[in-house]
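Trainee: As they're listed, the protein sequences go chains V and L. The first sequence lines up with residues 1 to 321 when you count with this note's numbering. The second sequence lines up with residues 1 to 287 when you count with this note's numbering.
No lab work stands behind these hints: they were computed from the structure. Glycine included, every Cβ here is placed at the ideal spot set by N, Cα and C. Any given hint could turn out to be false.
As the list claims (entries may be wrong) - BS3-like mimics (lysine-lysine), calculated; alpha carbons at most 25 angstroms apart, straight line:
id, chain 1, residue 1, chain 2, residue 2
1, V, 30, L, 114
2, L, 286, V, 30
3, V, 314, L, 119
4, V, 33, L, 119
5, L, 114, V, 33
6, L, 112, V, 30
7, L, 119, V, 317
8, L, 75, V, 36
9, L, 186, V, 317
10, V, 24, L, 119
11, V, 314, L, 286
12, L, 234, V, 36
13, L, 286, L, 75
14, L, 112, V, 127
15, L, 186, V, 30
16, L, 112, L, 286
17, V, 33, L, 234
18, V, 36, L, 114
19, L, 119, V, 36
20, V, 24, L, 114
21, V, 33, L, 286
Stated by the list, open to error - One-sided excerpt, in silico: chain L residues whose CB lies under 10 angstroms from chain V:
id, residue
22, 21
23, 36
24, 109
25, 128
26, 177
Stated by the list, open to error - Computed far set for chain V versus chain L, every beta-carbon distance over 10 angstroms:
id, residue
27, 89
28, 97
29, 101
30, 104
31, 138
32, 173
33, 242
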Amino acid sequence: MQKTKIAAEIVMQPKGRPAGLQGKWELFVKDMKRDKHLFVLLAPYMVLFLLFTVLPVIISIFFSFTHFNMLEFPSWVGWENYSKLLWNDDVFLIGLKNTLIFAVITGPVSYIACFVFAWLINELNPKVRAFMTLVFFAPSISGNVFFIWQIIFSSDSYGIMNGFLMKIGIIYEPVQWLQDPQYMLAIIILVQLWLSLGTSFLAFIAGLQTVDRTLYEAGAVDGVKNRWQELWFITLPSMRPQLMFGAVIQITASLAVADVAMALAGFPSVQYGAHTIVTHLVDYGTIRFEMGYASAIATVLFILMLGSNLAVQKLLKRVGE
Amino acid sequence: MKLALRLNKKVNRSWQVDALLFLVLGLFGAFMVIPLIYVINNAFKPLDELFIFPPTLFVRNATLENFSDLFQVMKNSWVPFSRYIFNTVFITAVGTAGHILLASAAAYPLAKHKFRGHKTMFTIIVLSLMFSPHVTAIPNYMIMSTLGWIDSYQAVIIPAFAYPLGLYLMKQFMEQIPDALLEAAKIDGANEYRIFWQIVMPLVKPAWLTLLILMMQMLWGTDGGSFIYSEQLKTMHYAMGQIIQGGIARAGVGAAVAVIMMSVPIVTFVLSQSNVIQTMASSGMKD
């Protein structure tokens, strides 16, 4: 009996009060020894994660205060890059404006689309459900097949859209869809939405299948009248964790529009009609090699992404409280 | 009795609204799938059909010409097309296998043990989901050039090992494993490595498949980014881009490559769908 008590005390020790700095250190060493196997398991991943994700963020913030071209030694310039970016770089402001337009439209629309389609698909029987899941998920997993939209919106009359509109007589000559800044943004938003039913869509489908069925029965007894009330009072609150996860994925993706814009509208696009923060970053980072300035762009993007994510998380936490 | 009947049916569903909603679902489903059907049909169209005005969606006289042309075109190129295929398959296979192994190994302690710093570590992982790899592209280039990895496979493969989304999903899924199971193994004298390898890993098979799908989404479509310059190290996605650059004369061949490219991830997803959904059920973010 006595023995087990002592053993229990030893196990309990990390939670006990350490005696001064010396005690804290000993406790630390003891904890480390106890958990050394866990750290061995963690180490390979964590080392690479620190090297390729955490360290780059720190480097990026540091270099954003320097002038650096990869050849000369970096020189400290303080806030110069940022002031140039925000007050003297009209192209950046176009990119910022376009990024925000993309994000404000594709972010919420794709998020709601992910949920609504997942919700409708969930009502189907399992076989049809699996098929429809594939239909909606296929574009996002097909890799870079979005180039097909380049052919659909091709500027000659062989393009599907031009051919179709000419045939039914809405237009009489081909429209330069991807060269005209008037249409560029809308088409990229469309393609971005086409690609956006990805990870969060799957998370929502999975979340809907795990909602406790008895809640619906209880709800019916408590006077839930129709499917909309059911959705609002039962389904959405039960899915809050998945909704928060999905929000992170969609927000991050909607602020990172670049690949689609560059592939469809060209780089640089006509009159910078499809220029975004990321394409601006690509321009300075991989073409002009102004690494200090590019780092400032990356840091602005980082703050924008992290800030909007944290703000939305806060908002979603309040839903239903 | 009346109440019971109503409960067996779903709560007050009017068939009109049902019909409307499923019409909406069908329309958007068509929007999603028609471009893919179009590209598949283009891959089998003979040259004259590719340039009919007005353009047609479906092929009339299907042919495999475009696929044989593809290998013809690529035989004459500097690097044989099979090399691009090999590069893509190699990068995807090694990157995915390494990622699943490393992410699972790191997810197990985070999911099932409390140790110094476990909360901080997981918070950083969650925060890193909140920005895209574009943010870190420039410093990563500097790191790669310091390591001397520019223009090598590892520049694409090794960072993929530590992709945060995989660890996040794996950790959330592992949390469901009952503690009693692990306790029992410990009493039987298994150490942490054996518990991880022989008990936890077999239980999280659905999550492996999910990570496989996610990595495939990322690596199968990679063009090597700014890290790879040598032609013989470039990927299928890059080759596809080159063919499409060839303009409308190569439209059919371009579609053929696209079909080859998209079929692999789609088939993988079809085979693993139920496992992926099972994993995603635990993806939620707790406060």
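Trainee: Can you confirm whether the C-alpha distance between residue 112/L and residue 286/L stays at or below 25 angstroms?
Mentor: Holds, at about 16 angstroms.
Trainee: Given the hint that residue 33/V pairs with residue 286/L, test it: the Cα-Cα distance must not exceed 25 angstroms.
Mentor: Violated - the C-alpha atoms of residue 286/L and residue 33/V are around 30 angstroms apart, more than 25 angstroms.
Trainee: Does the alpha-carbon distance linking residue 119/L and residue 317/V stay inside the 25 angstroms limit?
Mentor: holds, 20 angstroms
Trainee: If you draw a straight line from the CA of residue 119/L to the CA of residue 36/V, is it 25 angstroms or shorter?
Mentor: holds, 17 angstroms
Trainee: Does the alpha-carbon distance linking residue 286/L and residue 75/L stay inside the 25 angstroms limit?
Mentor: violated, 54 angstroms
Trainee: Can the restraint linking residue 286/L and residue 30/V be considered satisfied, given a maximum Cα separation of 25 angstroms?
Mentor: violated, 31 angstroms
Trainee: Are residue 186/L and residue 317/V close enough, with their CA atoms no more than 25 angstroms apart?
Mentor: Distance of about 38 angstroms is beyond 25 angstroms: violated.
Trainee: Is the hinted pair residue 112/L and residue 30/V satisfied, with a Cα-Cα distance of at most 25 angstroms?
Mentor: holds, 20 angstroms
Trainee: Given the hinted pair residue 36/V and residue 114/L, is their Cα-Cα distance within 25 angstroms?
Mentor: holds, 13 angstroms
Trainee: Minimum C-beta separation from residue 97/V to chain L exceeding 10 angstroms: can you confirm that?
Mentor: Fine: 18 angstroms to the nearest Cβ keeps residue 97/V off the interface.
Trainee: Against chain L, does residue 101/V keep a CB gap of more than 10 angstroms to every residue?
Mentor: Check passes; 18 angstroms lies beyond 10 angstroms.
Trainee: Does the alpha-carbon distance linking residue 24/V and residue 114/L stay inside the 25 angstroms limit?
Mentor: Status holds; Cα separation ~18 angstroms.
In this structure, the earlier hints numbered 2, 8, 9, 12, 13, 14, 17, 21, 26, 31 and 33 are contradicted, and the remaining ones agree with it.
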